[in-house]
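Enquirer: Assemble the complex: chain A is given as a structure, and chain B must be docked to it using the hints.
For the record, the sequence lines run as chains A and B. Per this note's numbering, the very first residue in the first sequence carries number 1; after that it's consecutive. Per this note's numbering, the very first residue in the second sequence carries number 1; after that it's consecutive.
Honestly, I wouldn't trust all of these hints.
To be verified - Ranges of calculated distance between the beta carbons of each label pair, as one might list FRET restraints: (1) A:V96 <-> B:G103: 21 to 31 Å; (2) B:G103 <-> A:W77: 39 to 49 Å; (3) B:S242 <-> A:K167: 41 to 51 Å; (4) B:P170 <-> A:L205: 40 to 50 Å; (5) B:E137 <-> A:K2: 34 to 44 Å.
Keep in mind the hints are simulated off the structure, nothing from the lab. Note that the Cβ used here is the ideal one computed from N, Cα and C, for glycine as well.
Now for the letters of each chain:
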Amino acid sequence: MKRPSFWGLHAEVPKALKWGLGVLPFIAIVVFYLIASDIRHKENEYDKLLPTPTQILSAVDRVAFSEDKRTGEYLLWQDSAASLKRLFIGVLAAAVLALLLGLNMAMFEGLNSFFYSFITFISMIPPLAILPILFISFGVDEFAKIFLIFIGIFPIVTRDIYISVKKIPKEQSIKALTLGASQLGVVYRIILPQIMPRLLDAIRLSLGSAWLFLIASEAIAASEGLGYRIFLVRRYLAMDVILTYVVWITLIGFVFDLVLRMIVKHFYPWYVK
Amino acid sequence: MKNFLHIEDLYKQYGNKVILDNVDLSVKKGEICTLVGPSGCGKSTLLRLILGQEVQTRGEISIDGKEVGFASPDRGIVYQRYSLFPHLSVLENVMLGHTLEEGFFQRRKNRKVNEKEAMFYLDKVRLGEHAHKYPHELSGGMQQRVAIAQALLKKPKILLMDEPFGALDPDTREDMQLFLLELWEENPMTIFFVTHDLEEALFVGSRLLVLSQYYVDDRGKNAEHKGAKIVGDYLLDSKVKSTRFKKSKEFTELIDKVRSLGFNPENEQHARDFDLKHPDSYQTLEPYEDARQ
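Next comes chain A alone, as it looks inside the complex (with noise of 0.2 Å):
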């Protein structure tokens, strides 16, 4: 009796057919797109639905290595450090923030009841939604765009460490307090070491979701960043610049959510998903 090594439920794919599979699809894509974009140039030479590959790369150094006419930057190392400062910062005090809020309202109910009804609430609110009210009062300057993306990805992560904090067992707070630690021992030296890579996971897992507002909100009112940029030559219709920018913008994030995980991996080996 031998496994298939493709079809069915008992299939055991061998690792050459493995990568070749994996690899497959991203190859059918490349080919499509030169023989679409080909069949395209050949009818109108002006074409700027599909660029070539020719027209890719120019543009690729005329973002990258290349000064601008205008401001004399490099177009995209600047609109990159502009949005990864944003999205830094936001993460960050959302990360802080969620982390605190969500392990003492598990861990200490009077806390609980004061907070967990208003996080529920704060939740349900489409962040989009409030972005005019966030230019509104505090202008279109960066502060509205962290907060931004702060508030979206804040309550999510609250209510994930609080899910985690309650799956811990209890009797593990109250062994730590017969061997000797005090009430803030408990949740800071023994439950808080317990969530990190939990954190680092929920933050990882919720990348997605801030580049989705911090795009967003450079589309609407900005003056440089990533998203600033796709959508002001995006009035050019200039795919080749817009294809360049969402590659590396896919680079960026892949890179993120590899460093993210090892991380997890090398500092928390104990760790269990």
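Expert: Below, chain B alone, put in the same frame as chain A:
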């Protein structure tokens, strides 16, 4: 003069359901008390009340003359599961008795001293060479031994154990029973040991307590809101025995007696006639439990 552990008129109720019903217990220092009873009778509840994990509905629990409060270092605990903290190494787990009470700089200063003492207790439980492993790398029996070392380092007034060997296979369980007895001989301490295994209770204990809800009193046989009481209390031979003792006649006779007394739902023994044979056993019955008063 009250004994070391003194429990009087203890009631524990959840809503309308009475779990512990006027429990009285007096324990001298240095006893290994084993507590048995049918499933769900409230053995673990009683242990948790002594520990301070739960609060009694009514009644007194005192250790050394002082009423017990919430969980604190004067009472050590070894649970059946969740014994160790998974994010710390074995050595760090055992050191917690000191490190949890010290600030950051104090911990750095005392690191060598704390490690040395923790290793002393780890060696006592014969796990010195596993000091730098993590709990998930140890077997169940090894984890329980570390948990015992962890609790002992704190030198608690009383060590509470809630079915500590219940999750282990029979051979390991027997090893651990012998191990605990040896430890107790070397370091006399008061132990309160809950188990559902009657043989284990008789083998390990110096005093056997039987908790059961199967009895009769003046509230009638089928009265509602009736909880468990201590229906049996026996003095046992406290010397370290060989496991052949488990096959002896007196052993099996006592097991049968306890089974018919505490584990038989049809049992009709009256509360005033409980088999309280230990010199320290006592009982205060309420009038509605015993019309004779």
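Enquirer: Next, verify each hint and record whether it holds.
Expert: Here is what the structure says about each hint:
no., hint, result
1, A:V96 <-> B:G103: 21 to 31 Å, "holds (23 Å)"
2, B:G103 <-> A:W77: 39 to 49 Å, "holds (45 Å)"
3, B:S242 <-> A:K167: 41 to 51 Å, "holds (44 Å)"
4, B:P170 <-> A:L205: 40 to 50 Å, "holds (44 Å)"
5, B:E137 <-> A:K2: 34 to 44 Å, "holds (36 Å)"
Consistency with the previously given hints is maintained throughout, with no hint failing.
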